[in-house]
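Dock chain B against the given chain A, drawing on the hints supplied.
This is what each chain is made of:
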Amino acid sequence: MIANDTMEILYERAQEEWGKIENNEIPVVYVGSATCGRAAGALETEQVIKEVLAQNQKSVLFVEVGCMGPCALEPIIMVQPPNGIPICYGSVKPKDAEEFTRCVLLEDGVWEEKLIGVMSVDSYRGLPPITRHPMLETQVRNILRNCGLIDPENFYHYLAQGGYRGFLKALSMGTETVLEEVKKSGLRGRGGAGFPTWKKWTFARESSGSEKYLICNADEGDPGAFMNRSVLEGDPHSVLEGMLIAGYTIGATHGYVYCRAEYPLAIKRLEIAIKQMHDSGLLGKNILGSNFSFDITIKKGAGAFVCGEETALIASIEGNRGMPRPRPPFPAVSGLWGKPTVIQNVETLANLSLILSRGADWYVQFGNENSKGTKTFALAGKVKRTGLVEIPLGIPLRKVIFEVGGGILNDKEVKAVQTGGPSGGCIPSEMLDLPVDYESLTKVGSIMGSGGMIVLDEDNCMVDIARFFLSFTQTESCGKCTPCRVGTRAMLGILEKICAGKGEPADIERLETLAQTVKQGSLCGLGQTAPNPVLSTLRYFRHEYEEHIKAKECRAFVCNALTSFHIDPDRCVGCTMCAKSCASQAISGKRKEPHVIDQEKCIRCGQCLRVCPAMYAAVYRRSGSQVRYEPIKERKKKTD
Amino acid sequence: MNVVIDGKTIEAQAGETILECALRNGISIPHLCTHPALPPFGACRICIVEVEGMRGYPTSCSTPITDGMVIHTQTEPLRLLRRNILGLMMLEHPSACLICDRREVCDRYRPKSEKVGATTGCHTCNNKEVCEVRELSADLGLAEIMVAPQYHYRPIERSEPFIDRDLNLCILCGRCVRICKLHQGKSVIDFVHRSSQTHIGQAFGRNLHEAGCTFCGSCVDVCPTGTLSDRYAKWFGRPKTKTGTTCIYCDEGCALAIYASNGKSIMATGLYDNLPVCVLGHFAIPEFLNSPNRLRTPQIRVNKVLRPVTHDETVSRCAELLQNYSGKAFALVCDTSSTLEDRYVFKKFTQEVMKSPYYFEIEPDKKGFAKVIHVPDEVKAIITTGPFIPIELRNQFEVVIALDMFYNDWSKSADVVYPVGVFAEVSGTIMDKDNNLRPLVQACSPPGEAKPEWEVIQSIGKALSPDNWKAYDRVETITAELGLENISLNLNRKTPPPVSQKLKERREWFRGYRIEDYVSGLAVVRNFEEGKEPETEKEKDKSEIIESPKPFMVLSRRELVPNTYEFVIYVPAIAKKALPGQFVIVMVDKNSERIPYTLSDWDEEKGTITLIIQEKGLSSRKMISTLQGEQLAHVVGPLGTAFEIKKYGTVVILGGCYGTGAVLRLIRALKEQGNKVIMISEARSHYLAYYQKELSAVSDRFIQTTIDASSGEKGHAVDALKRLLDTGEKVDLVVAVGCPFMMMITAEETRSLGTKVLCALNPIMLDGTGMCGACRISVDGQTKFACVDGPFFDAHLVDWEEVRDRREAYSAEEIQAVSLTQPAETIHREPHHNYCSCMERG
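So the protein sequences, as listed, match chains A and B. Quick note: to get the working numbering, add 314 to the position in the first sequence (first position is 1). Quick note: to get the working numbering, add 270 to the position in the second sequence (first position is 1).
Just chain A, with the same shape it has in the complex (with noise of 0.2 Å):
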């Protein structure tokens, strides 16, 4: 018998404290306060604002709430007037926020500025909705859907959006229908590989063993990648509650939240979640009158990118050097202690409960035939909007970077995109019709991986790309298995080496024998995925290496070795400007003459290019045949 009573009154007072906020009477701040918008300065803003209100003797209610996304625009700042609906503005500084205050709270003003949307689906007080605003209307927020509308840290906030509904329902439905249900939502793996999470389900349901594990692997290493901590910061919940859903189907006894020890706000929004749910039965023996028993504990890790892989974390938990072992046995058959075990991804468990309250039915909506749900993505690069976005899975890539995106910066050319994070490779801008989706980006030699996406443009070397993600895998190798520890070291040397010009042209052919014989020789997905940046580029961009190796030359004046800095005597007036910065007075030349850098003296650090004024944009580059100048601009009229 499953004691709903027990859920049904908590309900009901997260509906009337969820119904102090919504029909508010005084006016609401939501203070976007993960960690990015922490970085920007959203608790600065949040101190200015609350003095100015009491200096006004102005009552008002504050709600730290996760994040939204718009990386660009934080800090993010909710307005919500009396019995109104939040106005959502962006980049409130904390120099910005004392006239905010007064314009928006005070007032009860509008600041068109900083303005993003309000928080509906129409027009309010004459302003856009926010899903109307570019970076918002192609991405569907169903794992992000609590991510800067609730306090995380509020139980009933969550309870309010129908939190551990799914739970209940599978709770209901029983394992086996819940299974079911897992398996026609067509859900795969968030984590990178995109295996079928029934699948993985049904090997350890079939295990033998009375005790069995459940891991969330939030062990997120991806440099730049951070999909997972905004849902942890924002709404850890729905993690939880998504544990408890694949830990009552595999029939585990023991959750475990692998999470590094850099995310500790992460960790304190787990740790009082979790207090949360045992204080509301939903942990424990016995949970709501069931026969599921369940506990959760959160293991910090030391931050070991290979942690991430599967056994390496299970023998990070077990207390042991992060090193992963040969597969099989799996983990699903003998994992942690020995045990069955299954390890799913933050990401992953977010979306249970979506599908078990929703149904898969609604679930199979989103995405295409083999890729179903949506995906969040940490889009970065050379593009105009960067921050995390959630997106349909199957949308063509372009549709990403040109509409969520907002396309190039500087409006540039689009070189290539690239996904998968260092395990991933770069897809070619010919490419850019391609959908997102597991298969789509395998196929090209990509991955989907965690969700890291770069966008790379004309003035990003592919050589200085892959040189730079196989430095990461190189330090972030375990050292255990032969081929990555020293291959990755290979090949990262005659990458080094191509970059500073002293490239063979057998050195093409080296780095495949290397790529292949780490790919095909190494122990974990962290090294057989490691040569990826290398062998994509390779097969895209190889007229980049040839022309590194051969010409001498880096058409994206990013080698260092390659490119020189020259000054053009007919375009130079003689300001100094370069002369006076050249850290090894590398140039010289009489006041109003021409300049000259010695290119000898020259460490060609750039900074001549950085501080010759546009408007006569005297400075060039040159790599082998290449030259670049740098486009004169008019001076800006003055405007007042």
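Derived by calculation from the structure, the hints in this document are not laboratory data. One thing to keep in mind: the hints can contain errors.
To be verified - Only pairs whose alpha carbons sit at most 30 Å apart, straight line, appear in this in silico DSS-like list of lysine-lysine:
{"no.": "1", "chain 1": "B", "residue 1": "K598", "chain 2": "B", "residue 2": "K618"}
{"no.": "2", "chain 1": "A", "residue 1": "K915", "chain 2": "B", "residue 2": "K963"}
{"no.": "3", "chain 1": "B", "residue 1": "K963", "chain 2": "A", "residue 2": "K864"}
{"no.": "4", "chain 1": "A", "residue 1": "K864", "chain 2": "A", "residue 2": "K894"}
{"no.": "5", "chain 1": "B", "residue 1": "K984", "chain 2": "A", "residue 2": "K866"}
{"no.": "6", "chain 1": "B", "residue 1": "K963", "chain 2": "A", "residue 2": "K866"}
Claimed, not checked - Rough simulated footprint, nothing fancy, chain A against chain B, three-plus residues with beta-carbon under 8 Å:
{"no.": "7", "region": "310-318"}
{"no.": "8", "region": "441-447"}
{"no.": "9", "region": "459-471"}
{"no.": "10", "region": "776-789"}
{"no.": "11", "region": "940-949"}
Claimed, not checked - Far from chain A by the CB rule (all over 12 Å, computed), these chain B residues:
{"no.": "12", "residue": "R353"}
{"no.": "13", "residue": "N354"}
{"no.": "14", "residue": "K451"}
{"no.": "15", "residue": "K764"}
{"no.": "16", "residue": "P842"}
{"no.": "17", "residue": "D996"}
The C-beta atom is built at its ideal place from N, Cα and C for all residues, glycine as well.
Then chain B, alone, in the frame of chain A:
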């Protein structure tokens, strides 16, 4: 359960891995990191196979076999992948020798490894003769490496007791880490750091003792490379015999394997992979038994002095001395370290021949200390097998016969001293603490004329009572008489001895002797236990050196490349008189060996000489451990006949190892005479090449060769010479300076080319002035002294076999001397970039 491996249907057993199944059925799959005693690890990736229906290339060592599996172990892609993976592994291991074209010549000329400081090639690797990597590389046909290897420049760790660790040879197979966990239940050592910085070590840089190491030695046993080595055993070469016997340091009865060469024990390990032994069983036996303090010849007291005599003389003296002391005037004292057979003969002798009731058999205490006993006052003659009686009681006895292994106060004052064989030197039976009988099997010979104890006593018995004493021909006869037949070693213990996990519980005494007085590593352990700071060398204040150098003072010392050092020494008298090609003899301290070194360069004005020194043994280790500002005991020179500096035309100089640096001044002198000088320098790999700038600056042409082609041309210097001659270069003289092997192959391979080749020989020398003859060599059938007639000789006329053999003359003594624990931190490494493995190194 049936599986198909390489087309053959094979019956597999449940629970075994693919590798186990294949090996059991005689199908060989190359493998490295796996070990029969250890759980699968899957790190080296050599044992990969293809399994139909499985993705990628699973490792056979870790993949459990399942019914119906179809496995391929020898496909072309597998062979290629294995070779490439080994090639990668060899980038972190001194590997040039594995792909050297002259491997076979080298193995013929120097079959045993030569001792050295830092190993940078197979011929100076203590593991050479049993190396699994060498076998694997031959099997897989490794012929080249893809990119330049990375040498890690890790200091060799020689300050731990018993174990030398050279992490530059490590391939990270993890066997040591796993066996430590298996045998000790904890990780004394583990992988440290990530990526290419990963290495084996203790947490937080602690030493082994602090980390909880009990020195069971299991890690050394399983290491497939020369990384971990038994400091005592490492340079003796491959043992000729392996004998299973029982350890008698304590009464646990562990089965040991004793390895011996020419009757001398070299190394001991546990007999079974799955059971560790303790520090004594693993590390304290050969050094104890081979101690230079062992008694070797029977001696009798003549005119108050002990004199060596024959067996017969000794025995008759014993009989003569004992004949008047039968009955209660005689006693025999022994302890339980003697075999049951020995003790049976002792007792029988005491009771039947001497008619005495006083046979004392002492049971040692927990630390192995045999309790001191008092002998009844009426006893006036005594036979003792060790120092068991307080020496103060010496005056009680009129006759003392010592059957002993070392000199002690008793044996020094005895009337007769007879050296006896003990432990692994004898056969017999012993009883362990659980009253199991265990065999003692002779694994090595007693030193000198030492004999088993029963044999000595039996001879005395025979002499005293020729009619009644029953003589035993063999120990087995006594065993049979005791009714102890058919004792075999198969009494395997089920559990490791507790002391293998608790260092403090080790025995400290054996036969009345403190073991650590004879086993240097145990003394180091004792220091650690007592909290004594390990000895460390202090850096000298460098400022005063420059201002007032003293003669023989080291003005600069730097490690050019691993194991090769450049020393600048203040010796104005030599700097004033030196001529190209001459050498000096250096004594590091007053007890040091005299070592000849070629004068690489000198500065008359500053009064300095420059020497290139490689660590090869104890004396050169002392030399390279000499720091800036320290004074050497003595430098003699210049010695030898100078090189004839005149106009030859085109001179090609071949340099290898120390020779690359030793010819600097010679090149300059030849240039000054208008010669065209072409310098060819050889090194095994790029990280061993040095002085390129210096040599390029003084020669007309500089050619670097490396064996692995990682820098310059591929091959030895002689290959570059031959290529040079092929281009039509007219060469008037070739001078080869390097190790005997390098000069030998140069001589052999240029014999037919008609070019004169000189070589520089520096064999073992004492005085360096032609008196002692130690440096004798044969040139064109005539005896020459390298010190005065040389060092330069016609390489085509030198007897190279003799050069090699004479260098080996003292190898046993050299090895014994070098088995030292080095004070911690003696070798100061230069800072970042020269000696770290970061990639910024140029």
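For R353 (chain B), is the shortest CB-to-CB distance to chain A above 12 Å, so the non-interface label stands? violated, 9 Å
K764 (chain B) remote from chain A - nearest C-beta pair above 12 Å: holds, 24 Å
Classify the label on P842 (chain B) as holds or violated, using whether its beta-carbon is more than 12 Å from each beta-carbon of chain A. Given a closest Cβ separation of 42 Å, the condition holds.
Report holds or violated for chain A covering the region 776-789 of chain B, Cβ cut-off 8 Å, minimum 3 residues. Violated: only 0 residues of the region 776-789 of chain B have a Cβ under 8 Å from chain A.
Regarding the assertion that N354 (chain B) does not contact chain A, is the least Cβ-Cβ distance greater than 12 Å? violated, 4 Å
For D996 (chain B), is the shortest CB-to-CB distance to chain A above 12 Å, so the non-interface label stands? At about 25 Å from chain A, D996 (chain B) clears the 12 Å cut-off, so the statement holds.
When you check the alpha-carbon spacing of K984 (chain B) and K866 (chain A), does it fall within 30 Å? holds, 27 Å
Please verify whether K598 (chain B) and K618 (chain B) have alpha carbons no more than 30 Å apart. holds, 15 Å
For the region 441-447 of chain B, count the residues whose Cβ lies under 8 Å from any Cβ of chain A; is that count three or more? holds (count 3)
Checking a non-interface call: every C-beta of chain A should be farther than 12 Å from the C-beta of K451 (chain B). Is that right? Its Cβ does come within 12 Å of chain A, the nearest being 9 Å, so this is violated.
Is the straight-line distance between the alpha-carbon of K915 (chain A) and that of K963 (chain B) 30 Å or less? holds, 23 Å
Restraint status (C-alpha distance of K963 (chain B) to K866 (chain A) at most 30 Å): The given pair, whose Cα atoms are some 27 Å apart, holds under the 30 Å limit.
Checked against the numbered hints given earlier, this structure breaks hints 4, 10, 11, 12, 13, 14; the rest are met.
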